[in-house]
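Participant: What follows is the residue order along each chain.
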Amino acid sequence: MPNHSSTFQPEPGQGVRSMAEEPVMSVGDDKKAKGWLGSEQRRLLVQEYGIFLAFLILVAVLSVSNEFFLTAGNISNVLLQTSINGVLAIGMTFVILTRGIDLSVGSVVALAGIVSASFVTSSATAGISGAPYPVALGLGIGLLVGIACGAVSGLIVSRFSVPAFVTTLGMLSAARGLTLIYGGGRPVPALTPAFRWIGTGDVFGIPAPVIILAIVFAVSWWILNRTRFGRYIYAVGGNPHAARTSGINITRIQFVVYVISGGLAGFAGMLLSARTGSALPQAGIAYELDAIAAVVIGGTSLSGGVGRVTGTLIGALIIGVMNNGLDLMGIQSYYQQVLKGALIVGAVMLDQKRNYGA
Amino acid sequence: MKRWMIALASATALLASSAMAQEKIKIGAAPYGLNAEFMQIWAAALQEHPAVKSGEVELTVFDGRYDALVQQDQFKTMVTQKYNAIIFAPIDVDAGAAAVQSAADAGIPVIGSNTRVNSDLLTSYVGSDDTISGYMEAKTVLDKIGCKGNVVILEGPVGQSAQISRLEGNKKALAECPDVKVLEDQTANWSRAEAQTLMENWLTAHPKQINGVIGQNDEMALGAIEAIKAAGLDVKSFAIAGIDGITDALHAVKAGEMTSILQDARAQAQGALDLAIFKAKKGDYKPQSDIWTTYKDMPWNDGKEKIYNVPWTPVTAENVDQLLATRK
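These protein sequence lines map, in sequence, to chains C and E.
Residues in the first sequence are numbered from 6 upward in steps of one, following the working numbering.
Residues in the second sequence are numbered from 688 upward in steps of one, following the working numbering.
Chain C on its own, in the form it takes in the complex:
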């Protein structure tokens, strides 16, 4: 599904965007047009599927260099280890597509994790009175906590025009503080097996978090590519002024993307506590950075309007596969950090080349 560049086949979102394009952009588009006259096929491959190619090369290299990499058990591990960051990164994609950013997701992970855990713990002291309650209630509460955090950020960004960076930086701090207040700084252990199923269970051998990630991905893909709301998200990110002039309620769009990001962060928080078996107040620290990294590696532009959720999923998989592969080969985690840094910058360099020609 090519929907990166407005000169390529128009995806639903792109139609609105090119319509909304301002003349300023045409300079870059001219240069690009020249490039297309060259070896079109090669450019198409590198530009549109570069990140997918990079992923395949990484998988190929790791398959050759480590005998365990391509085993069923390890593939399941990689997907499992990618699931939480994947869910966060998909939520982040919605926000970044509107030119926003959500720095608060790591803290929301901890808050939703600990609040929901207090409803589904069998510990006599850590939970709220009457716990454990049914799993559905715990899941609902966690989701609500995430949505509430997202709604507050969304409201402030969209109604009061406070920059997203500032708003969500504030939420990052506030949600972490609320986490510590709520749990008195202590973990909530002993989550019920029924709740833990979402993190540790499986369906026909496929881990539950992987199925959840697949569902989140499918729904998000559908929203962004097949609905009017999705087209509006691209339009708002591509050119907010033009979007407003064309009658799009950009305040509402901006609000909803933070609600989506917050809700998914809440869900990711429950996945994390279900996996580790205990909700920790220190959970999720710096998770926002990996989520943003996945989005950026996946080709979504931080200046909004351009990108796709498929790229984000591959970006998250690249990070997961890289960490897993280097662990398997016994390489120090320090190198993992250096490689991830190089990958993020490299991906954006590719993005720049795509947007402004070589």
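Honestly, the hints are just simulated from the structure, not real lab data.
Think of the CB as a built atom: it goes at the ideal place given N, C-alpha and C, for glycine as much as any other residue.
Any given hint could turn out to be false.
The calculated EDC-like cross-link candidates involving lysine to aspartate or glutamate, where the alpha carbons are at most 20 Å apart (straight line), are [stated by the list, open to error]:
1. LYS835/E with ASP866/E
2. LYS345/C with GLU881/E
3. LYS923/E with GLU944/E
4. LYS868/E with GLU855/E
5. LYS859/E with ASP830/E
6. LYS895/E with GLU72/C
7. LYS916/E with ASP207/C
8. LYS858/E with ASP816/E
9. LYS991/E with ASP807/E
Just a sample of chain E residues kept apart from chain C, beta carbon distances all over 12 Å, derived [claimed, not checked]:
10. PRO737
11. VAL739
12. LYS763
13. VAL766
14. ASP830
15. ILE851
16. LEU861
17. SER924
18. ARG953
19. GLU992
Fit chain E to the given chain C structure using the hints.
Facilitator: Using the frame of chain C, we list chain E on its own:
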């Protein structure tokens, strides 16, 4: 005349109350941060000290928020407000020295607790030697696997004093078992989630080869246990150890899944407070905490010692219930 009497009486009352307030010893505690369970137990133990409860001591706890600069500023505050003594658990061995210097310049005694600081100006230090716990936990793992086989080590954040000392202890025990191979050795930054991911990958990379897991803290050992369970393996066929004795780990010890070495936060806190009061009252004080009778190996010695080493307690099936009862 009557009016004069009332004025005089209230003036005397005022003077008396301010004199009383001056008599009250003001002690500040500066822990590196209060987000984790260990330091929460530590801070709670200070509040439960007999001298604080009786009102003899006015105690203020400053949350250092894991930032050396924040701690330094808190020291400035305590110096300005003329605290009588300070209890200090610095975030960093070297960065804490400047803070100690500023208090020493103002003539305020500083008692170290839990974490070390590179300074000769520290009046006393009450803590536990991490090389010993590192040795003890590795020894329990090695004993359980019979001094042969393969182990993995989950390390703390590289460069932190606890990580350095615990690793030193780990290595000392490993040197006694030359047949044991360390298959993997990486940091999981004290984090359960990070350790879980690492262990999942190690179980893949070394199928059926890992016999023991040395976790430099309980959180990471618990992460390894989750990974083993997720892989469908029997946790009890592994030898797993952690350090600190956090509540979740006590439950795991009770379930026979791991061993832990308890670091006594209460003794470190109350011992330091007794020393702080002792110094503030210029030696005119007898220690009030019961820890001095609990630990015969750590005698009070008239508050003269530079270093008080609080012994480590291995958590076993025998004492785990008693320890769990102390955690509400």
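Participant: State for each hint whether it applies.
Facilitator: Hint by hint, here is what the structure shows:
For a cut-off of 20 Å, the pair hint linking LYS835/E to ASP866/E stands: about 5 Å separates their Cα positions. Taken as a hint, the LYS345/C and GLU881/E pair is honoured in the structure, with Cα atoms around 16 Å apart against an allowance of 20 Å. A hinted pair counts as satisfied when its Cα atoms are at most 20 Å apart, and LYS923/E with GLU944/E qualifies at roughly 6 Å. A hinted pair counts as satisfied when its Cα atoms are at most 20 Å apart, and LYS868/E with GLU855/E qualifies at roughly 16 Å.
Proposed proximity of LYS859/E and ASP830/E is supported: the alpha carbons are some 14 Å apart, at most 20 Å. With a C-alpha separation of about 15 Å, the suggested pair LYS895/E and GLU72/C falls inside the 20 Å cut-off, and the hint holds. Pair hint LYS916/E plus ASP207/C holds up; C-alpha atoms about 14 Å apart against a cutoff of 20 Å. Restraint check: the Cα-Cα separation between LYS858/E and ASP816/E comes to about 15 Å, which is no more than 20 Å; the hinted pair holds.
At roughly 15 Å between alpha-carbon atoms, LYS991/E and ASP807/E fall within 20 Å of each other, so this suggested pair holds. The non-interface label for PRO737/E is consistent with chain C: the shortest C-beta to C-beta separation is roughly 24 Å, beyond 12 Å. In this structure VAL739/E is separated from chain C by more than 12 Å, as the shortest Cβ-Cβ distance comes to about 20 Å. Residue-level check passed: LYS763/E sits 24 Å from the nearest beta carbon of chain C, beyond 12 Å.
At roughly 28 Å, the least C-beta separation between VAL766/E and chain C is larger than 12 Å, which holds for a residue marked as non-interface. With a cut of 12 Å on Cβ distances, ASP830/E stays outside the contact zone with chain C, its closest approach being about 26 Å. Separation of ILE851/E from chain C is adequate, the least Cβ-Cβ distance of about 16 Å exceeding the 12 Å criterion. Its beta-carbon lying about 17 Å from the closest one in chain C, LEU861/E satisfies the requirement of being farther than 12 Å from that chain.
Its beta-carbon lying about 18 Å from the closest one in chain C, SER924/E satisfies the requirement of being farther than 12 Å from that chain. For ARG953/E, the requirement that its beta carbon stay farther than 12 Å from each beta carbon of chain C is met, with the minimum near 16 Å. The claim that GLU992/E lies off the interface holds: its Cβ sits roughly 32 Å from the closest Cβ of chain C, which is beyond the 12 Å cut-off.
The structure meets every hint from the earlier list without exception.
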